[in-house]
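There are 2 protein chains.
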Amino acid sequence: MYRPEIKVLDCTIRDGGLINKWQFSDELVRETYKAVCKAGIDYMEIGYKASTDMFDPKEYGKWRFCKEEDVRQVLDGLELKAKLACMVDIGRVREEDILPVEESVFDLFRVACYVKDVDKGIALANHIMSKGYEVTLNLMAVSTNMEKDIDEALEQINATEIPCVYLVDSFGSLYCEDITFLTKKYIDALPGKTIGIHCHNNCQLAFGNTVQAIIDGANMLDASVYGIGRGAGNCTLELLVGFLKNPKYHLRPILKLIEEYFVPLREEIEWGYIIPMMVTGVLNEHPRSAMALRAGPDKDKYAEFYDSMTLQEIVE
Amino acid sequence: MYRPEIKVLDCTIRDGGLINKWQFSDELVRETYKAVCKAGIDYMEIGYKASTDMFDPKEYGKWRFCKEEDVRQVLDGLELKAKLACMVDIGRVREEDILPVEESVFDLFRVACYVKDVDKGIALANHIMSKGYEVTLNLMAVSTNMEKDIDEALEQINATEIPCVYLVDSFGSLYCEDITFLTKKYIDALPGKTIGIHCHNNCQLAFGNTVQAIIDGANMLDASVYGIGRGAGNCTLELLVGFLKNPKYHLRPILKLIEEYFVPLREEIEWGYIIPMMVTGVLNEHPRSAMALRAGPDKDKYAEFYDSMTLQEIVE
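Those protein sequences? They're chains A and B, same order as listed.
When you line the first sequence up against numbering that gives the first Met the number 0, it's residues 0 to 315, in that order.
When you line the second sequence up against numbering that gives the first Met the number 0, it's residues 0 to 315, in that order.
Chain A on its own, in the form it takes in the complex:
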């Protein structure tokens, strides 16, 4: 039995690009889109929309910017079966960078912000909606917020026309009872709006927590191919599709894509269950310290890393 309201969004290129500064080959992006379409996935988020004067295009690949012409060129000749999405961070995009929807290849913009910046997030979401797009608001890192601040943010969002709000476990530190508590909170505070779920895999709970959120009523589900994403990565698309019962979804194209592109890519760049990322997840910390460790000579000094993370806590 399946729930017809459920939609899946593939965030492979957008979240995976946080590892390699979006330096993916055009071929990999095109083949990912083709596989996502064949698998029946509803949306593909192809990167971040940002102004080229805010990031250096020599350092960052094209999916840091998501120019319309780049998307059209890489997907040239393909039927755009999966809707195209991109993410925007507040303060990193100019309003004039966003075309009216009729002139754009994109269908959906996802606005990412912290709870403290919810007013700015709402303003940007409203602007994007006025240009005709679908919009979601993704409240990041709520595992670090006091409940009263989350409640206040949700109350503000409830007063808007934003149709979809995401529960985001940025640090991969939530477990099933937390997911249930927060999903119910979002549903109760945002009647009529769709709730989305975006999980990180630091504690090997990204898929399990996504399933829990489905049970609790979330209908917009993020996942990435082979779980690629910053740090420990995301809920894997192949597990999610293997779990969902809707016959429109197909597992085989994703397995083929992993075999041909993502197993080789995993030899070049690192994501997944890596102990320092697990430590930051358990401690409800941003993975940046774990990523810094993995980039240095002490990458496998797990106990020492744990000491550094926990002693700091005692001192503070």
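Take these hints with a grain of salt, some might be off.
To be verified - Cut-off 16 Å, straight-line C-alpha distance, at most; resulting in silico cross-link-like pairs (EDC-like, lysine to aspartate or glutamate):
| hint | chain 1 | residue 1 | chain 2 | residue 2 |
| --- | --- | --- | --- | --- |
| 1 | A | Lys255 | B | Asp299 |
| 2 | A | Lys300 | B | Glu258 |
| 3 | B | Lys255 | A | Asp299 |
| 4 | A | Lys255 | B | Asp306 |
| 5 | A | Lys298 | B | Asp299 |
In case anyone wonders, no lab produced these hints; they're calculated from the structure.
As the structure is a prediction and not an experimental result, all values here were calculated from the model.
Place chain B on chain A using the hints.
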């Protein structure tokens, strides 16, 4: 807040040995035991008890047999803080191989059997209890059984003195609602007995399902260092210890052990999230076909493997 009834059993050497025929160095086994003790873990399962005339000692390492003298030699001079356990399969051990508890280094025997063999499992468990040991009965692969057969097995076990019965997700195919359904069934059918949980990680749910089982009332929890175990492996001990709130458990010794012994071991032998193991998990199949694929030249032909597993189903 923690539940004082909860006990953790480390099955690193026993379940990990299914990958390498128990060919671990004495040093690794000794260091694992030391770390398990330092971490405050309640039990360590060091292998299978089996008769040497049933398996060739040239092919299988000593933890396939768990001779008393081998255990004493490898752990020589250590305080036996963590209780020692071993597993027995019905039909693979002679009753005379099991010493009276007063003469043995072991505290706990775990009897593994399928639902169809529950009578044999009960008989062996009764014999072992008569020698003075703690005993558990581990009902394997219940994801493949009809409910009426599980109910009948539980009814038979309920009539015995066996104090602990395990829910075992042998194929890593159960998700949280299945765990809740089965844990409640075991608890209802076995009043007064402890329920144990042993999960496999094919769908990255071993830790999440163990947490779910804790919520549902399971008090005997299996895990292994870095998740080592057949196929996709087990619930990782480090995640479980990171999650449990009982101050007697400590994470650091396990991280140090992983850093020094299990990261190098993972370069030699394979376990974890590997797509063919995920496919058998999704399909609720024994991982043997996935393990055979990984041992051959087509180890990364995931889509073709999926075809072979699903076409077979259509034909039957």
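We went through each hint and held it up to the structure:
Straight-line distance between C-alpha atoms of lysine 255 of chain A and aspartate 299 of chain B comes to about 10 Å, which keeps the hinted pair within the 16 Å bound. Annotation: proposed proximity of lysine 300 of chain A to glutamate 258 of chain B holds, straight-line Cα distance about 6 Å (limit 16 Å). For the suggested pair lysine 255 of chain B and aspartate 299 of chain A, the alpha carbons sit about 10 Å apart, so the restraint of at most 16 Å is met. The straight-line distance between the Cα atoms of lysine 255 of chain A and aspartate 306 of chain B is roughly 11 Å, inside the 16 Å bound, and the hint therefore holds.
Pair hint lysine 298 of chain A plus aspartate 299 of chain B does not hold up; C-alpha atoms about 27 Å apart against a cutoff of 16 Å.
Hint compliance for this structure: hint 5 is the single one not met.
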